[in-house]
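Using the sequences plus the hints, can you model the full thing?
There are 2 protein chains.
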Amino acid sequence: MKSHTLLMPLDMHLHLRDAVMLENVAPLSAYSFSGAIVMPNLVPPVETAEDVIAYKARIMAAVPNDSFEPYMTLFYKNYNKAFLESVADEITAIKLYPAGITTNSEGGISSFDVEEMRPTLQAMSDMEIPLCVHGETDGFVMDREAEFMSIYELLASNFPKLKIIMEHITTKEAVDMLDKFDNLYATITVHHLILTLDDVVGGMMKPHLFCKPIAKRPEDLDALLSVALAAHPKVMFGSDSAPHPQHKKESCGCAAGIFTAPIALQLLCEIFEQFDKLDNLQAFVSDNAQSIYGICPEFKEVTLEKRPFVVPENYSGVVPMYAGETLSWAIENVD
Amino acid sequence: MKSHTLLMPLDMHLHLRDAVMLENVAPLSAYSFSGAIVMPNLVPPVETAEDVIAYKARIMAAVPNDSFEPYMTLFYKNYNKAFLESVADEITAIKLYPAGITTNSEGGISSFDVEEMRPTLQAMSDMEIPLCVHGETDGFVMDREAEFMSIYELLASNFPKLKIIMEHITTKEAVDMLDKFDNLYATITVHHLILTLDDVVGGMMKPHLFCKPIAKRPEDLDALLSVALAAHPKVMFGSDSAPHPQHKKESCGCAAGIFTAPIALQLLCEIFEQFDKLDNLQAFVSDNAQSIYGICPEFKEVTLEKRPFVVPENYSGVVPMYAGETLSWAIENVD
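Residue numbers (our numbering), protein chains in the order written: chain R, 788 to 1122; chain Y, 788 to 1122.
Worth double-checking, as some hints may not be accurate.
Same chains, same names: a pair is fine if it fits in one copy or spans any two.
As the list claims (entries may be wrong) - Result set (DSSO-like, lysine-lysine): computed pairs, CA atoms no more than 30 Å apart in a straight line:
id	residue 1	residue 2
1	Lys1035	Lys993
2	Lys868	Lys1035
3	Lys959	Lys993
4	Lys993	Lys789
Treat the hints as calculated values from the structure; they're not laboratory data.
Below, the structure is given as structure tokens:
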């Protein structure tokens, strides 16, 4: 049987939520990933060293001993340098949300005034703390990410030593930015390597394929695949796996977010094999992230086999992408 | 209190379905409209004179005596002239669906071969039977209508005396076609005078605002408003009101269709008043259709008043657009 082994898979953009949801979903990521960049958009957001330490402790309590490294993030505000120095040891990155742009982002940034942000961003640059950005304006849904490119340009050119990660990119405009600025990087989800808007609303409307940023056009999908399959050195896998209870997805107003954590590696094998690029998956799912973030995850070896895997209908009340459907790769063994 | 009276309102694109659903929704249209063009996409579709006569009888049985005229349509196939002559007296138009493009359209046309369609379309032209068209390709969801323009051009130029109605148009490309071909007309829904894709998937995902063709971009909305508010003489109101049971809208795979029949006139008053064009609403909602189709509806006078109207949460299990929300116009009286 055909198999493929991945070393230290990393999920560079993950929502673990809190409380019961955290307890339900964290073990699923911990099973197949060495570590993950954990998003800080709790209610209230993760904003202090104490918040970070306490949240990390709750995550560690939810996963089997030493099986998983949560790389913690802080919710971006215009912090002063003294504060950043006090929290630097506890975090791997700081995550910036435009205000109100996605789930629990109400406390985010409402105007991108470089001079107002300069003390924080310059300090982050000096201290080598990467800035992760949810790059969308509040414009028309299909244009939001492309419109945000001017803000990436502003940030990247004003802080040329600051590592800026364009999170969960979905457009060819964002892909094009990778080669324009040395300090711009990107994460790409697995669902954005599969979906276009057609899959979300082209036939029936599919709440479990609805996320922010929304899946875009076929030419955008092609651009994302081109850099992911080539394991472009500035591109990393980040699932943006976002669990919501089933009733919040299947209702009059469906929350944004696709739950992929437990099926991400299987799907990635399927995609990379389909394009005959399995050899590049290791770089996309781990090596690039290690280089970009300068992190050294604990050893973990995940072996997948090419055999049918029926995706469970739900994981503790959370419906995953492709619930009930059959994938062509399964996780065989984790060491 | 401000009031506005409409004479013989007509809904030039309506789905009444069949059986219990028909009995539930037909009286709602019959209350405020003089008549409606009734779509033939039942299961199986309305394809024979007997089908038409029987369906019309079921509709008439579902509405109060003589309160409503159902203008019947036939599901387009490449019919021969003898057949068309036998059915002509029973129908007002023939509705063409590309195969599989929307609810119950599996038996539609899969290739637009003009020579194959010529006998039917020439006979319809000679007999002055209008052709209503669901104009979408099977392409990317945001491009489907614009891509279909070349087929409208083909049909309009090959059959210059055939009245072709571009149904439920949603794009500026379709609006532009109105002035390019004398024999192209259009219906516009009330929801496409309000929504863009932003309303459907820009915030939460909204199944009750999901329809085909899907609401498009802001510039498309502007183009639709420009011809509707001006009561462009080739443009008519057609609700495309499409009832689905609540469970088929709020689920893993939500069916396409927005139910607006009982709130359409109220919403139209709101929109036309907002743009100070209430005087043009009569032409948009009745006079243009009478001229284009050459129909003379029975007298009906509908008076609306500007006062709050709370949209019911559902009508016999069908959730309408804006359920539970408050509109600024209400139907006061129908004579």
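* Which numbered hints fail -> Hints 2, 4 are the ones this structure does not satisfy, whereas the remaining hints hold.
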